[in-house]
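Chains as they are written, first to last, in this note's numbering: chain A, 1 to 272; chain B, 1 to 263.
Among these hints, one or two may not hold up.
As the list claims (entries may be wrong) - Partial selection, computed: residues in chain A whose CB lies under 10 Å from chain B:
1. T61
2. P65
3. I118
4. P122
5. G159
6. G162
7. T166
8. A172
Stated by the list, open to error - Simulated restraints on C-beta separations:
9. F106/B - R262/A: 50 to 58 Å
10. L20/A - R119/B: 39 to 47 Å
11. G175/B - L111/A: 26 to 34 Å
12. V249/B - V114/A: 54 to 62 Å
13. G15/B - L136/A: 32 to 40 Å
The set of hints was computed from the structure by calculation and includes no laboratory data.
Ideal Cβ positions, reconstructed from N, Cα and C, are used throughout, including at glycine.
Residue-level listing of the chains:
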Amino acid sequence: MRRLVDIRPKRGLRILLGALPILALILLYLVASETRHAENAADKVLPTFAAMAEAIHGFTTATDPASGRVQLVADTLASLYRLGIGLGIATATALLLGLLLGAVPLARALLGPVITIIAVIPPIAVLPILFIVLGLDEASKIALIAIGVAPYMTRDMAGFVGNLPTEQFAKAQTLGANSWQLAIRVALPQLMPRLIDALRLSMGPAWVFLIAAEAVASDVGLGYRIFLVRRYFAMDIILPYVAWISLLAIGADAILLFISRRGFSWAHGGSR
Amino acid sequence: MTALLELRDIWVEYGDKIVLERLSIELAEGSFVGVVGASGAGKSTFLRLILGQEAPTRGQVLLDGKPMRAECADDRGVVFQRYSVFPHLTALGNVMFGLECAGAPFTARLFGARRRAARDAAVEMLAAVGLEHNLDVYPAQMSGGMQQRLAIAQALVKHPRILLLDEPFGALDPGIRLDMHELITRLWREHGLTIVMVTHDIREAFKLGTRVLAFDKRRRDPQAPHRYGATVTYDLPLDRKTTPPQALVEALGGPELQQGYTE
């Protein structure tokens with residue numbers, strides 16, 4: 001008798017197994033929705049798939065009065081813009097500071113403690129400060145994402161560079177590398193796949209900060225829309241929006257993984 | 001022969017712990033020095049001193065008669081037991097790295113004719129260690145022996161005055177280790193290298209070296225063992241046929257050291 005931990009499903013079985021819980025959840029929703037609608041035809045908590053399809057048709061054809069774009073497109077573009085700029089700033093900061101802190105002990109002594117302090121502040125707690133200082137426009141939302149994500153990424157980067165084997169640095173020095181060459185030819189390239197990993201892990205918190213900021217003060221965006229229609233109990237809009245957000249998140253993750261595999265094949269143990 | 005490297009009355013202390021004491025030694029150009037000793041006898045400290053990773057507490061290190069700065073530089077090459085090659089560079093990239101650092105201080109990358117010259121030098125060096133068919137392979141896809149060959153090529157392309165080997169073959173299979181012995185002996189002869197090799201394996205030191213240094217403590221204080229440092233207790237010139245003295249074999253102990261190599 002083989003042990004349970006030794007049974008490894010083949011590819012076909014793996015896909016089937018993975019699909020089972022998803023199908024079960026959809027089925028469960030269908031049954032629950034039907035039951036509620038049998039009792040009360042006007043139920044809004046668990047809308048039927050037909051009602052959701054109608055809502056989807058609505059927000060993919062109706063135009064947003066402010067931008068003149070289709071509502072879903074306007075919301076998605078606004079949210080992705082904020083997310084992209086915020087994560088871009090965070091990534092650039094983390095890369096530069098992480099490299100500096102990890103490779104230069106003097107810089108670590110100078111900046112390490114302050115970054116640790118900033119990292120433990122819950123970002124949502126500084127959102128009011130950001131609104132007061134930066135106003136209610138894009139800047140405060142972008143800043144929340146950047147501030148929320150950058151300290152964690154920076155510490156991860158610095159830790160990674162600091163943990164590169166000392167043998168590598170000694171070897172590079174015996175090959176004539178100066179501090180700058182060490183940073184750009186030894187530390188930086190090895191940091192890149194780790195940076196993408198950190199970015200992938202930071203996507204989750206970044207979405208949280210984005211939706212929180214949009215919920216509080218915004219006039220367009222995925223988070224704004226969800227919190228707006230919540231007032232009308234419009235679950236038929238909220239559920240497709242949530243599904244759309246998770247699709248966007250899965251897509252972004254897949255793109256980052258693809259970039260990492262393509263650009264840094266050495267880190268994935270493969271050939272070029 | 002003039003001394004290439006001279007250590008004058010070296011002491012290395014960490015706090016109140018003395019690691020090396022009264023160490024004076026001269027290494028001649030072209031010698032192949034095997035360094036043996038029990039764990040914690042200061043072999044690695046000795047290597048780090050020469051490498052420049054560590055400064056002596058007292059005493060002087062002279063390279064070519066001039067005081068050496070406690071800093072790694074490209075006149076001393078090194079091969080460690082592990083992590084000697086860069087995982088993000090191909091074999092060719094690893095060997096070209098040293099040439100690119102010297103040729104382009106800011107970008108550390110060469111272009112055009114200078115790149116081709118560096119590439120040719122690197123390919124030649126890789127061929128010398130038997131990796132001419134693995135130019136575009138990353139270290140992760142190489143065996144342990146191939147990685148060490150690459151590490152040697154990477155160091156030799158800079159033509160170092162001294163090549164330091166820190167347990168370079170310690171993690172390899174016995175058969176591969178024999179191949180590496182042949183390789184390093186050939187490179188030592190052909191390139192007129194000066195090699196300092198730290199090893200746990202006393203037979204390896206006696207097989208390869210022209211001189212063996214054994215590190216141990218001359219004095220022991222049972223109450224405070226850390227207050228006496230190690231120094232060179234055996235300094236044996238070899239003709240590559242000398243076998244280790246029984247007293248030294250027993251001092252370093254371990255049945256794994258007693259097995260001889262078959263050539």
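Could one say that the CB atoms of F106/B and R262/A fall in the range 50 to 58 Å? 28 Å, violated
Does the Cβ distance between G175/B and L111/A fall inside 26 to 34 Å? This hint is violated: roughly 50 Å between Cβ atoms.
Interface hint for P65/A, Cβ within 10 Å of any Cβ on chain B: 51 Å, violated
Let's test the interface hint: is any C-beta of chain B closer than 10 Å to that of T61/A? 49 Å, violated
Status of the given 39 to 47 Å range, CB of R119/B versus CB of L20/A: Given a distance of about 55 Å, which is not inside 39 to 47 Å, the answer is violated.
Using Cβ atoms only, decide whether I118/A comes closer than 10 Å to chain B, and label the hint accordingly. 30 Å, violated
How about T166/A: closest beta carbon in chain B under 10 Å, or not? Hint holds; T166/A Cβ to chain B Cβ min 8 Å, cut 10 Å.
Check the following: the C-beta atoms of V249/B and V114/A are separated by a distance inside 54 to 62 Å. 57 Å, holds
Restraint check, 10 Å cut-off on beta carbons, for P122/A near chain B: 36 Å, violated
Hint status (Cβ of G159/A to nearest Cβ of chain B, threshold 10 Å): Where the cut-off is 10 Å and the nearest Cβ of chain B is about 17 Å from G159/A, the hint is violated.
Can you verify the interface hint for G162/A: is its Cβ closer than 10 Å to any Cβ in chain B? 15 Å, violated
Is 32 to 40 Å a correct range for the gap between the Cβ atoms of G15/B and L136/A? 58 Å, violated
Hints 1, 2, 3, 4, 5, 6, 9, 10, 11, 13, counting from the list given before, are not met by this structure.
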